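Protein chains: 2
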Amino acid sequence: MNLYEISRYLKDNDNYDILTHAYPDGDTLGSSFALCLALQQLGKNARVITTNIPSKFLYLLNGVKQQIFNTENIISTDVAADSLLGSNMSKYIGKVDICIDHHSTNTLNAKYKFVDKYAAATCEIIYKLLLRMNIKITENIANCLYTGISTDTGCFRFTNTTADTMRVAASLMDLGCNTEYINKVMFETKSKEKIELERAVYDTMDYCADGKCAIIYTTLEMLKKLDIGDDEMEGLASIPRQIEGVLIGITMREKEGSFFKISVRTNGNINASDFCSRFGGGGHPAAAGCNIEGDLKTVKQKLIKAAEEIL
Amino acid sequence: MNLYEISRYLKDNDNYDILTHAYPDGDTLGSSFALCLALQQLGKNARVITTNIPSKFLYLLNGVKQQIFNTENIISTDVAADSLLGSNMSKYIGKVDICIDHHSTNTLNAKYKFVDKYAAATCEIIYKLLLRMNIKITENIANCLYTGISTDTGCFRFTNTTADTMRVAASLMDLGCNTEYINKVMFETKSKEKIELERAVYDTMDYCADGKCAIIYTTLEMLKKLDIGDDEMEGLASIPRQIEGVLIGITMREKEGSFFKISVRTNGNINASDFCSRFGGGGHPAAAGCNIEGDLKTVKQKLIKAAEEIL
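Taken in order, these protein sequences are the chains called A and B.
Per our numbering, residue 1336 is the first one in the first sequence, and the count goes up by one each step.
Per our numbering, residue 1336 is the first one in the second sequence, and the count goes up by one each step.
If you're looking for bench data, these hints aren't it; they were derived computationally from the structure.
Please note that the accuracy of each hint is not assured.
If several chains are the same, the list does not tell them apart, and a pair holds so long as it fits within one copy or across any two.
Below are the DMTMM-like pairs computed for lysine to aspartate or glutamate, each with C-alpha atoms no more than 20 Å apart in a straight line [said to hold, decoys possible]: (1) Lys1379 / Glu1531; (2) Lys1527 / Asp1545; (3) Lys1391 / Glu1579; (4) Lys1596 / Glu1533; (5) Lys1590 / Asp1566; (6) Lys1527 / Asp1541.
Everything numeric in this text was worked out from a predicted model, so none of it was measured.
Based on the provided sequences and hints, a complete structural model is requested.
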């Protein structure tokens, strides 16, 4: 289905459940609530089905009407695979009518699909869809779309950002989206717990291979002492790679069951996926992961050995 | 002078010295080198006069020809006051022909001036000037302009970013600027020394006024131990304000002469300039500074007292 056909479908039908992926982020929530607001603007019934919205995203619900209706159509946004719907939404598996996404690896089962891997965020696709549907992009809709685009691009910093991404953001700013508030909440705010975690993690920083590899770690004991949840761990993996001269940045996170979850980020032409495949993992050329069993010392030693062999 | 008149002037004259401000940043360097490349493209003689270019900015010199000539015209970019030319360039004071800037507070003495306080960066103005001059925006020029715009907006995160800023950036991306390299170097790279400094500064983090005020500090001893220069201090002041719930974020930096240089950043409607005026300083509503004499304990106690009175 192309965007024109999706636009037609949405206008011709009614009573929409719109699905996000589990552990929802700014893009899946922004896409779903923008689409919900648009459908309600057309006089349709629509609701977003999601789980545990982090409180910083609650402004995305502004202007959304609570409607009671029997589901007739199911749309998913930013959901790359059936499994990513999570256990709460597993009853929707195989029943999605339209899947809208930007992940090139999308394998979700759906009657119709629109996947644009060149879009920096699914919200970029939704923006174009809403224009085609002749929706008035209100401030609330603009806030939803800007949230998805800015969070999926690290505020226009990541390599997925295109000239088109910048132009969509410019239009949303013209339409009155509150970039000041959104940028502040998304990119300029850290919880006290996160600061404490960063402090603790900085203390674990270690270098090997003449400073070309940097390693940090968290242990279950550290997290317990700091009383920190898994949602604060976001972004930690980018710390070691940021350091000047570092080609391999490794983050080790101890998990229940005496193993470590390893995130590897690389610079230059070092392949992170190759690195992780040594330990049965994989991923992308610059970002990959694996799990390694053992205690801190043993696992770290294995990683250092692998890094020194590669570098 | 409007941009049309500046364009005429630049085409009608020759032999340009282009001045940056002292301790040059991405915007003043990007503006100056972009203008230099443009003038050389027109067959003019031009050179950039600056001091100590940080090595991460050296790519801005790509394509710039070294030319020997007698100065006839002097242009300044992004220089808000005569004093900001620094001691090296003080001989130019009072001799500037055209001053191009975006600081609303501009007081530089110049024959002609163009100051647009709505431009997020001086590079945004230079982009519009070059279009008016019919300059072909090469990859090198685009890299210069993108560098100034992205660094002065914190990569499109700060409140000075407008829809226009985004559109200029989009055009520069169309013209082939290397955002991947520039964003990586400017926003994703920290020196090992900077990491060590952050680690040390995190250890000084203290809260008062029920967590609504956060204070960090550096001492001369810390800097000596870490062997860290002043250029690594950039960005420290934004750390305490980032913390959730903090309305006043204070950074204390011990200086030679037994005093502390204080940076205050505020959230909400707390006025940083009012805060600093208690100590003979001043600044903007959300970012201000002052100097306070005394040892660490005394100065910190004074700041805590002031914060608790205000909050």
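Verification of the supplied hints:
Taking CA atoms no more than 20 Å apart as the test, Lys1379 paired with Glu1531 passes in neither setting, with 47 Å inside one copy and 56 Å between copies. When the C-alpha separation of Lys1527 and Asp1545 is checked against a cutoff of 20 Å, the pair qualifies only between copies, where the shortest distance is 13 Å, while the shortest distance within a copy is 34 Å. For a Cα distance limit of 20 Å, the shortest separation of Lys1391 from Glu1579 across copies, 11 Å, qualifies, whereas the shortest one inside one copy, 32 Å, does not. With identical chains, the CA atoms of Lys1596 and Glu1533 are at most 20 Å apart within one copy only, with a shortest distance of 18 Å there and 26 Å across copies.
Taking the shortest alpha-carbon separations for Lys1590 and Asp1566, only the intra-copy value of 14 Å comes in at or below 20 Å, while the best inter-copy value is 39 Å. For the homomeric pair Lys1527 and Asp1541, the shortest alpha-carbon distance between copies (11 Å) is at most 20 Å, but the shortest distance inside one copy (24 Å) is not.
When held up to the earlier numbered hints, the structure conflicts with hint 1 and nothing else.
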